[in-house]
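The opening position of the sequence shown corresponds to residue 1 in the numbering used here, with each subsequent residue numbered one higher.
Honestly, the hints are just simulated from the structure, not real lab data. Note that the structure is a prediction, hence the values are computed from the model and not measured. Treat the hints with caution; some may be incorrect.
[Claimed, not checked] Heads up, simulated EDC-like pairs for lysine to aspartate or glutamate below, C-alpha to C-alpha not over 20 Å straight-line:
{"no.": "1", "residue 1": "102", "residue 2": "114"}
{"no.": "2", "residue 1": "102", "residue 2": "215"}
{"no.": "3", "residue 1": "259", "residue 2": "305"}
{"no.": "4", "residue 1": "60", "residue 2": "46"}
{"no.": "5", "residue 1": "88", "residue 2": "158"}
{"no.": "6", "residue 1": "60", "residue 2": "101"}
{"no.": "7", "residue 1": "60", "residue 2": "305"}
{"no.": "8", "residue 1": "102", "residue 2": "149"}
{"no.": "9", "residue 1": "268", "residue 2": "303"}
{"no.": "10", "residue 1": "192", "residue 2": "175"}
{"no.": "11", "residue 1": "192", "residue 2": "101"}
{"no.": "12", "residue 1": "313", "residue 2": "289"}
{"no.": "13", "residue 1": "102", "residue 2": "173"}
{"no.": "14", "residue 1": "210", "residue 2": "172"}
{"no.": "15", "residue 1": "26", "residue 2": "71"}
{"no.": "16", "residue 1": "70", "residue 2": "288"}
{"no.": "17", "residue 1": "88", "residue 2": "65"}
{"no.": "18", "residue 1": "253", "residue 2": "319"}
{"no.": "19", "residue 1": "192", "residue 2": "211"}
{"no.": "20", "residue 1": "268", "residue 2": "330"}
{"no.": "21", "residue 1": "253", "residue 2": "215"}
{"no.": "22", "residue 1": "302", "residue 2": "59"}
{"no.": "23", "residue 1": "253", "residue 2": "175"}
[Said to hold, decoys possible] For each label pair, taking beta carbons as the anchor points, the in silico distance ranges come out as:
{"no.": "24", "residue 1": "203", "residue 2": "103", "range": "17 to 27 Å"}
{"no.": "25", "residue 1": "124", "residue 2": "161", "range": "38 to 48 Å"}
{"no.": "26", "residue 1": "286", "residue 2": "74", "range": "14 to 24 Å"}
{"no.": "27", "residue 1": "161", "residue 2": "270", "range": "34 to 44 Å"}
{"no.": "28", "residue 1": "86", "residue 2": "161", "range": "42 to 52 Å"}
{"no.": "29", "residue 1": "26", "residue 2": "121", "range": "45 to 55 Å"}
{"no.": "30", "residue 1": "101", "residue 2": "203", "range": "23 to 33 Å"}
{"no.": "31", "residue 1": "241", "residue 2": "126", "range": "46 to 56 Å"}
Beta carbons: idealized from backbone N, C-alpha and C, even for Gly.
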Amino acid sequence: MNIKTLALLICSLYGVVLVAQKPIKKQNNPIFEGWYADPEGIVFGDSYWVYPTFSDDYDKQLHFDAFSSKDLVHWKKHERILDTTKIKWLRQALWAPSIIEKDSKYYLFFGANDIQRPGRSSYDPNNDINHYGGIGVAVADNPGGPFEDYLGEPLISDFYNDAQPIDQFVFEDTDGTYYFFYGGWSHCNLGKLNEDFTGFEPWEDGSVFKEVTPEGYVEGPFMFLRNGIYYFMWSEGNWTDGSYKVAYAMADKPTGPYKRIGTILESKEGDIATGAGHHSVINKPGTDEWIIVYHRRPIPNKDRDHRVTCMDKMEFNPDGTIKPVIMTFEGVGGN
């Protein structure tokens, strides 16, 4: 073997070693196994928690699981933290949980029964399964449950401002006020929870809820505070297909008004998933690092209920506006 041939062989072998040693990016999305949607992410103590909808046929969405992690990579499943056996007025389905801690208690809010009202095409006067329901609340001593029905009846079961009582989110402001955003059917209402979360404090004009619907709003409201700016976010499009997306507005107070700024999460041709939406946001404690938690449909996927929960980085421009989120398989790394 001549020197030139030997050199080529060595280089070839060295290249193979380099290829073999090249790090392979870990795929953290979806963040846990199973069909889950509408995730709310939150930090309790030294752990990250995610509370999603069990994403299956409607008549099978009869329980909630929760997931916790110390590092955003390894997740522990907490099974059946709440199910229909604990909610006596629940007959059809429950979904889109939202949770908050107050006075060492954990309050889990949820939509149930897909309540309809007379006058809509979806209302069947001969089938009362969705004539009663709305937003309920359960309580536990620990974030992993078990949760018990708090009121024995819905917290909201009426249609205020034509908003279907679903998709609630509770936001604690810096002054200790607990604001309650909710609403489907392209209407969003805002209320203020009372001290023990059994009802609502009226606004100055005596109304229980005021409508704060921004342009394009469909459902899935969420709010967070950063650098003195209140970010109000929501989902647009149709949750059953690829038109689903996330938009947002900014304001100097939680009551708005909210003017739509733009879309930050949506599926486009060539993306790795479709139907990205119904999200929440986590701020890594002690940092200015932010994570968007959302559901999406893998490709290929022809089942509207087969959605998975994912996380990706959410970053800001110098003026405080949010950069478009890039969907990835890698997701977010460790803490």
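Q.
Check whether the Cα positions of residue 313 and residue 289 lie no farther apart than 20 Å.
A. Given that 20 Å is the threshold and the Cα spacing comes to 8 Å, the pair holds.
Q.
Just to be sure I understand the hint, the distance between the Cβ atoms of residue 86 and residue 161 should be within 42 to 52 Å; is that true here?
A. 30 Å, violated
Q | Whether the CB-CB distance between residue 26 and residue 121 falls inside 45 to 55 Å | A | Holds: the Cβ-Cβ distance is about 47 Å, inside 45 to 55 Å.
Q. Is the hinted pair residue 192 and residue 175 satisfied, with a Cα-Cα distance of at most 20 Å?
A. This hinted pair holds, its Cα atoms lying about 12 Å apart.
(Q) Would the hint linking residue 268 and residue 330 be met if the CA-CA limit is 20 Å? (A) 18 Å, holds
Q: Take a quick look at whether residue 192 and residue 101 sit within 20 Å of each other, Cα to Cα.
A: Roughly 16 Å between the alpha carbons, so the hint for residue 192 and residue 101 holds.
Q | Given pair status - residue 101, residue 60, alpha carbons within 20 Å | A | 28 Å, violated
Q | Agreement of residue 192 and residue 211 with the hint, judged by alpha carbon distance not exceeding 20 Å | A | 13 Å, holds
Q | Pair hint outcome, residue 102 versus residue 173 [Cα-Cα no greater than 20 Å] | A | This hinted pair holds, its Cα atoms lying about 13 Å apart.
Q. Between residue 102 and residue 149, does the CA-CA distance stay at or below 20 Å?
A. 16 Å, holds
Q. Given the hinted pair residue 102 and residue 215, is their alpha-carbon gap at most 20 Å?
A. Violated, because 32 Å separates the two Cα atoms, which is more than 20 Å.
Q) Are the Cα positions of residue 88 and residue 65 separated by 20 Å at most? A) 19 Å, holds
The structure fails to meet hints 1, 2, 3, 4, 6, 25, 28 and 31 from the earlier list, while all remaining hints are met.
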